[in-house]
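Asks: Following the hints, complete the assembly by docking chain B onto the known chain A.
What follows is the residue order along each chain.
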Amino acid sequence: MTSREMAEMMKKSAADCHKALVREYGRYVYAIVYNKLRGCGTKEDIEECVSDVFADLFMKCEIDTSYENDLKYLIGTIAKREAIDSFRRLTAKAGHIADTGEDDMRELASDFSVDEHVDRSELRRVLIDKIDELGEPDSTILIQKFYYNRNSREIAQSLSMTAVAVRQRCSRAMDKLRTKLLETGITL
Amino acid sequence: MKDKKIFDILENAENDTMKRLIDKCPEISDEQLDRIFVMSEKKFRSRKNSIDEAERDERIKMTEGDVVEGVEHSRRPAWFAPVSAAASMILVAGIAVGSVLMLRNKGPEIVGNVNNPPAVTVTTTVVSGTSVTVTDNDGSGTATSFAAVSGTGDKTTTTTTEAVTDPAKEEAADTEFIKPYVGRWRYQTSPNNTVHIDGVDTGTVDIYEDATYTYTDKNGNVSTGTVKKAVEEIGGTELFGLDFSGNSFIGHRAIYVESAPDELHFGNGDAARIVRGTANKTYSETAAEKMDNFDRIEGLMAVEHHSSELSFSENGVDYYRYTGSEFGSLAEIRALIEDTMTGDLRDEYMGECESRYKERDGVIYQSRGQRGTFSFDTSGGVVISEVNDSRFTATAVNANFVPAQGRGSAVFKKENGEWKMSGYSAGEPMG
Numbered sequence: 033m034t035s036r037e038m039a040e041m042m043k044k045s046a047a048d049c050h051k052a053l054v055r056e057y058g059r060y061v062y063a064i065v066y067n068k069l070r071g072c073g074t075k076e077d078i079e080e081c082v083s084d085v086f087a088d089l090f091m092k093c094e095i096d097t098s099y100e101n102d103l104k105y106l107i108g109t110i111a112k113r114e115a116i117d118s119f120r121r122l123t124a125k126a127g128h129i130a131d132t133g134e135d136d137m138r139e140l141a142s143d144f145s146v147d148e149h150v151d152r153s154e155l156r157r158v159l160i161d162k163i164d165e166l167g168e169p170d171s172t173i174l175i176q177k178f179y180y181n182r183n184s185r186e187i188a189q190s191l192s193m194t195a196v197a198v199r200q201r202c203s204r205a206m207d208k209l210r211t212k213l214l215e216t217g218i219t220l
Numbered sequence: 010m011k012d013k014k015i016f017d018i019l020e021n022a023e024n025d026t027m028k029r030l031i032d033k034c035p036e037i038s039d040e041q042l043d044r045i046f047v048m049s050e051k052k053f054r055s056r057k058n059s060i061d062e063a064e065r066d067e068r069i070k071m072t073e074g075d076v077v078e079g080v081e082h083s084r085r086p087a088w089f090a091p092v093s094a095a096a097s098m099i100l101v102a103g104i105a106v107g108s109v110l111m112l113r114n115k116g117p118e119i120v121g122n123v124n125n126p127p128a129v130t131v132t133t134t135v136v137s138g139t140s141v142t143v144t145d146n147d148g149s150g151t152a153t154s155f156a157a158v159s160g161t162g163d164k165t166t167t168t169t170t171e172a173v174t175d176p177a178k179e180e181a182a183d184t185e186f187i188k189p190y191v192g193r194w195r196y197q198t199s200p201n202n203t204v205h206i207d208g209v210d211t212g213t214v215d216i217y218e219d220a221t222y223t224y225t226d227k228n229g230n231v232s233t234g235t236v237k238k239a240v241e242e243i244g245g246t247e248l249f250g251l252d253f254s255g256n257s258f259i260g261h262r263a264i265y266v267e268s269a270p271d272e273l274h275f276g277n278g279d280a281a282r283i284v285r286g287t288a289n290k291t292y293s294e295t296a297a298e299k300m301d302n303f304d305r306i307e308g309l310m311a312v313e314h315h316s317s318e319l320s321f322s323e324n325g326v327d328y329y330r331y332t333g334s335e336f337g338s339l340a341e342i343r344a345l346i347e348d349t350m351t352g353d354l355r356d357e358y359m360g361e362c363e364s365r366y367k368e369r370d371g372v373i374y375q376s377r378g379q380r381g382t383f384s385f386d387t388s389g390g391v392v393i394s395e396v397n398d399s400r401f402t403a404t405a406v407n408a409n410f411v412p413a414q415g416r417g418s419a420v421f422k423k424e425n426g427e428w429k430m431s432g433y434s435a436g437e438p439m440g
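Sequence order for the protein chains is A and B.
Residues 33 to 220 (my numbering) make up the first sequence, in order.
Residues 10 to 440 (my numbering) make up the second sequence, in order.
Only chain A is shown next, with the shape it has when bound in the complex (with noise of 0.2 Å):
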């Protein structure tokens, strides 16, 4: 959809254009969102991080209607920025205030290391890459079971299978995915 396109559902009727860009663009916002908080949020504070989303979406909307090009791109950076303050937020809220020594502070120069995050950025990529090889439907069951924690139940609704056979898809290519990360020197 475009932001003209919008606008002119927008002329019509403001809550069912709002409802269109839920129901269109919803999976995209809840997997940008998931992939920030999935270590730190709730079912419900990655909902309530989506309708953010969505509802900073409506704001900008109601001011600037000429976006010419896909609302994709806009989303994804809402979502994006929308996750990240999230994030924050919620991991402020473990609360980080301690009682540090001067001797301390020297080591807490900073926890970000380039050599990690490239490392981590690496690993990132060559695991995909192994899920992809595996093909359909077994990357999506790996995907859909251990990064989206879906039960075997859900995953076999998505795609039209029984759970059990689910489960047996889900173990042999757990197996084929070890073996092929074994292979590039990755051991899990």
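Calculated from the structure, these hints are not laboratory results.
There could be a bad hint or two in this list.
As the list claims (entries may be wrong) - DSBU-like, lysine-lysine: derived pairs with alpha carbons at most 30 Å apart:
(1) A:Lys-162 to A:Lys-92
(2) B:Lys-14 to A:Lys-51
(3) B:Lys-33 to A:Lys-51
(4) B:Lys-57 to A:Lys-75
(5) A:Lys-112 to B:Lys-33
(6) B:Lys-188 to A:Lys-104
(7) B:Lys-14 to A:Lys-212
(8) B:Lys-14 to A:Lys-162
(9) B:Lys-57 to B:Lys-188
(10) A:Lys-92 to B:Lys-422
(11) B:Lys-423 to A:Lys-44
(12) B:Lys-422 to B:Lys-57
(13) B:Lys-422 to A:Lys-43
(14) A:Lys-75 to B:Lys-33
(15) B:Lys-14 to A:Lys-208
(16) B:Lys-33 to B:Lys-14
(17) A:Lys-104 to B:Lys-28
(18) B:Lys-57 to A:Lys-92
(19) B:Lys-227 to A:Lys-162
(20) A:Lys-75 to A:Lys-51
(21) B:Lys-423 to B:Lys-238
(22) B:Lys-33 to A:Lys-212
(23) B:Lys-14 to A:Lys-92
(24) B:Lys-423 to A:Lys-43
Unchecked claim - Residues of chain B placed beyond 10 Å of chain A at every Cβ, according to the derived structure:
(25) Asp-17
(26) Glu-23
(27) Ile-31
(28) Glu-50
(29) Trp-88
(30) Asn-230
(31) Ala-239
Stated by the list, open to error - Partial list, computed: chain A residues near chain B (C-beta under 10 Å):
(32) Tyr-62
(33) Asp-77
(34) Arg-152
(35) Ile-218
It should be emphasised that the depicted structure is a prediction, and the values quoted were computed from it without experimental measurement.
In this text, a Cβ means the ideal position worked out from N, Cα and C, and glycines have one as well.
Replies: Structure of chain B alone, referenced to chain A:
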């Protein structure tokens, strides 16, 4: 578990990896999307209302990208200064004359004041315990003997009393005036002289047919006294009211105002009043009541109150028997929403209610799903602002128990003479 951990590396993925993860994201259920839509819409309206209000308050209507620049030149006409000076002098003179008139027109003094002639004068002459002569103000007198009065020499005592001692006069005393006022009233005060807006119940007043009253403050302290008819003339208009003896209230005289038949006001500063029964709630009371009702509705929509056993499915949505005890029918929930909210806010909650609850054979069923909630803490009262004939804003004194929501505020609008919530917003995050 170990298998699962390797997938954690996919968090914070770059664009290319992210794209592939999005492709494999499971479908989001319609129910979940609807829930997200309702939450987004609510947040959007709340933000939009805040912006609209800010723009209206500041009388600035700008859109993003507008620029304000330049200097506005203004030149006052030559006649402006002498006219302003004359107007100032008239104003000062008006205040002076008004003050003198007000001082002259104070009305009758309170009971017990020396200007109020005593009902009975008792003159006692003691000569070795003989007699007492009592003379009332009309000149008629009665004599009473005392059995023993000790002491020697002449001694004169003058006593004033409020009571009419003549039984015939006592019977004739007019207590008809009190009949319209007999009953229980609430005494309300306001530190800001705006009792109609932020009046707080300070105690209860019981007025009886014999023209006496009992005042019980909120700590349980009781005081009693008498009530007299009061007539005050202001600008040729007679105002009726009641004079209360004692010092139970901030003034002695409470005046009846035709526009508010269930109220009697002390003084003219709107600092205190007595209100009949439960009539005429203040803005604060109305707002706090509706904000509490809003919390009940939010709780109903955001939290699951149902059995674990599936009762039926409709349009792909599973419904479970509602186990909450607060509501017996869907009509009650709808009535509460109708009574509490107005406009888009009401439509939004009505819509959420219809999608969340079903009623079959007199039993309420709830669909699954929880969401974040917003609520007000009105236990510390609310502050009223931006009051006009058609709208006002109420802000909770206490912050929400969710610190990020701060002190919540609600906008109220009048619908068919009744105040209802039309929007709400979170305050500055606390803590």
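Asks: Evaluate each hint against the coordinates.
Replies: Tested hints:
| no. | hint | result |
| --- | --- | --- |
| 1 | A:Lys-162 to A:Lys-92 | violated, 39 Å |
| 2 | B:Lys-14 to A:Lys-51 | violated, 36 Å |
| 3 | B:Lys-33 to A:Lys-51 | holds, 23 Å |
| 4 | B:Lys-57 to A:Lys-75 | holds, 27 Å |
| 5 | A:Lys-112 to B:Lys-33 | holds, 18 Å |
| 6 | B:Lys-188 to A:Lys-104 | violated, 74 Å |
| 7 | B:Lys-14 to A:Lys-212 | holds, 17 Å |
| 8 | B:Lys-14 to A:Lys-162 | holds, 16 Å |
| 9 | B:Lys-57 to B:Lys-188 | violated, 53 Å |
| 10 | A:Lys-92 to B:Lys-422 | holds, 27 Å |
| 11 | B:Lys-423 to A:Lys-44 | holds, 28 Å |
| 12 | B:Lys-422 to B:Lys-57 | holds, 17 Å |
| 13 | B:Lys-422 to A:Lys-43 | holds, 27 Å |
| 14 | A:Lys-75 to B:Lys-33 | holds, 18 Å |
| 15 | B:Lys-14 to A:Lys-208 | holds, 17 Å |
| 16 | B:Lys-33 to B:Lys-14 | holds, 18 Å |
| 17 | A:Lys-104 to B:Lys-28 | holds, 12 Å |
| 18 | B:Lys-57 to A:Lys-92 | holds, 11 Å |
| 19 | B:Lys-227 to A:Lys-162 | violated, 75 Å |
| 20 | A:Lys-75 to A:Lys-51 | holds, 21 Å |
| 21 | B:Lys-423 to B:Lys-238 | violated, 37 Å |
| 22 | B:Lys-33 to A:Lys-212 | holds, 20 Å |
| 23 | B:Lys-14 to A:Lys-92 | violated, 38 Å |
| 24 | B:Lys-423 to A:Lys-43 | holds, 29 Å |
| 25 | Asp-17 | violated, 7 Å |
| 26 | Glu-23 | violated, 7 Å |
| 27 | Ile-31 | violated, 4 Å |
| 28 | Glu-50 | violated, 6 Å |
| 29 | Trp-88 | holds, 46 Å |
| 30 | Asn-230 | holds, 47 Å |
| 31 | Ala-239 | holds, 58 Å |
| 32 | Tyr-62 | holds, 6 Å |
| 33 | Asp-77 | holds, 8 Å |
| 34 | Arg-152 | holds, 6 Å |
| 35 | Ile-218 | holds, 8 Å |
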